[in-house]
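Visitor: Each chain, written out:
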Amino acid sequence: MTGQWWGRVVARDVMPTKIAVRVSPTENFMPRGVSRTFEVTIWAQGRKRVRGTLTAAGPDGWELAPASQRFELDSDGLPVHGVYTVSATPLADADLLTEQTLTFVGQTDKAGGGGVATDSATAGVTAVWSAGDVVLALDAGPPGSPVLEGYAVLTPDTTWDPTRGYGWVGAPPQARDRQVLDPLRRDFVFNREVGTLRLAVPPGVHRAYVLTGDPQFTSSHTVVYLDGSRVAETDHLLGPGEFAWLTFTIEGGDAGRTVDLVLDGEAHEEYWRLGALVVT
Amino acid sequence: MRAAGLTYDLPTWVYVQSFTSTNYRRPTPEELLWQINVSLAFGCKGIQYFTYWTPEVYAEFGPGLITLDGQRTDLYYAAKDINNNWLARVGRQLKPLRPEVLGIANLLDFPPPGLPAFAPDEYVAESWGDPVILSQFSKPDEPNYRWLLVVNYSYKEPCRVRVNLGRRVRGRGIAVFDPSTERYVEVPPPRKRLDIRLDTAAAALYRLPVRAEKERTSR
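Taken in order, these protein sequences are the chains called A and B. Okay, so the first sequence: first residue is 330 according to the numbering used here, each after it adds one. Okay, so the second sequence: first residue is 225 according to the numbering used here, each after it adds one.
Hint data in this document are derived by calculation from the structure and do not stem from the laboratory. Note that the structure is a prediction, hence the values are computed from the model and not measured. Please note that a few of the clues may not be correct.
Per label pair, the in silico range of CB-to-CB distance [to be verified]:
| hint | chain 1 | residue 1 | chain 2 | residue 2 | range |
| --- | --- | --- | --- | --- | --- |
| 1 | A | Val-343 | B | Ala-312 | 50 to 56 angstroms |
| 2 | B | Lys-319 | A | Thr-366 | 49 to 55 angstroms |
| 3 | B | Pro-344 | A | Glu-392 | 53 to 59 angstroms |
| 4 | A | Val-343 | B | Thr-252 | 20 to 26 angstroms |
| 5 | B | Pro-412 | A | Gln-508 | 54 to 60 angstroms |
Every residue gets a Cβ at the ideal spot worked out from N, C-alpha and C, and that includes glycine.
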């Protein structure tokens, strides 16, 4: 950068402004209609005060607020940071079970010395059903672990209760909370012995979705039996942090009925895992 | 370790990872150099390789610098190059020096535990560019000099950084250590400014002529 001074070209010794954008959490399962706060940390280094704009953008069906906000950091030559929040909400038409990307871009103003600097960060988000839109939405895990907003709790202690309409029959499973990721994926119930989950299904044809996987360990095959038939199974061993939705149909008949989902584990360590169950 | 060594005026040693195991991947030659230069910045006076020979007792251990059957690995040759052309030479300069101030400059993130953020002082006033570790050293019997070791914080890419020196540093006589000749070479103008390019994981040692405290306060 140069400037004129008494007819001479003088090199200006200007510290270039630079910024870095970070976001937390970097991934999330979120029910439609439920807002979650993302913390965006902006680091900046410039000669003096660094001003700029933080913008947030997402796919169709997602609402981000504010979509744009100003930031101002007193750098004075050293790296400094500020934390800004953006609320993200998957709306009723947000795609289900598809990982999508929220993008957060920080850009400094042109004025202020050192030119424009920009950086961005992304968060992977997946919309899941709102509990109010489905017949049954269960979040499995040990007692006391976090539960996804609106979802009902399924722990090893949840024995069959006709009034409640779901629960374990026979030997209860075990449960783990890995304490990483979102409430839906961080915890689950599992066992080496088969588990029988009884459901009261209303009349009609329903689609069932079983979330399986483990945030930290390789999962054995999870297999689901319904009415004595093998109706769903994982098609490969899920690695640490890898999840799958197993899906199948449940016939409720004209009057509704009670069904038993039998969960079994195959291959590897032969543990089945269930993180969530949704019946639409 | 650095704090304990400085508190009790004891030299600290370190061993750098030069092996593979189930829990540790094999370091690259750049990561080997990075471990060494960061250790020098922290003031270590002894640097060892862990391991030189591959341990026989643990099945999960991969090769060290030398394989179990005595073959030299790529890391052996990397260590040989580092030792002969950098560490032994810069080590002779750093060994008699006392570690002073340490900090990470230009890092747009929280510094890792034990590594404070750079803070301007009378010797180093300002820095910008890519992240570097700035480590100052002194020598009691040479109070007219201060040494500055600049270490590239990245073990993945080269860096460029500017360091503006502080008011106690004299404008003339600033020099950079040349490991090939083991001599200090005067840095060309502009004075009191260091424009530094470092290879991946590399470091540079500067000798800064400084005004004594007495001289400065008498003005």
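Visitor: Give a verdict on every hint.
Guide: Now for the hints, and whether the structure bears them out:
Taken as a hint, the range 50 to 56 angstroms is violated for the pair Val-343 (chain A) and Ala-312 (chain B), whose Cβ atoms sit roughly 40 angstroms apart. Checking the proposed 49 to 55 angstroms range against Lys-319 (chain B) and Thr-366 (chain A) shows it holds: the Cβ atoms sit about 52 angstroms from each other. Separation of Pro-344 (chain B) from Glu-392 (chain A) is about 44 angstroms and departs from the stated range, judged on CB atoms against 53 to 59 angstroms. The beta-carbon spacing between Val-343 (chain A) and Thr-252 (chain B), approximately 36 angstroms, falls outside the hinted interval of 20 to 26 angstroms.
Take Pro-412 (chain B) and Gln-508 (chain A): their Cβ atoms lie about 56 angstroms apart, and the range 54 to 60 angstroms holds.
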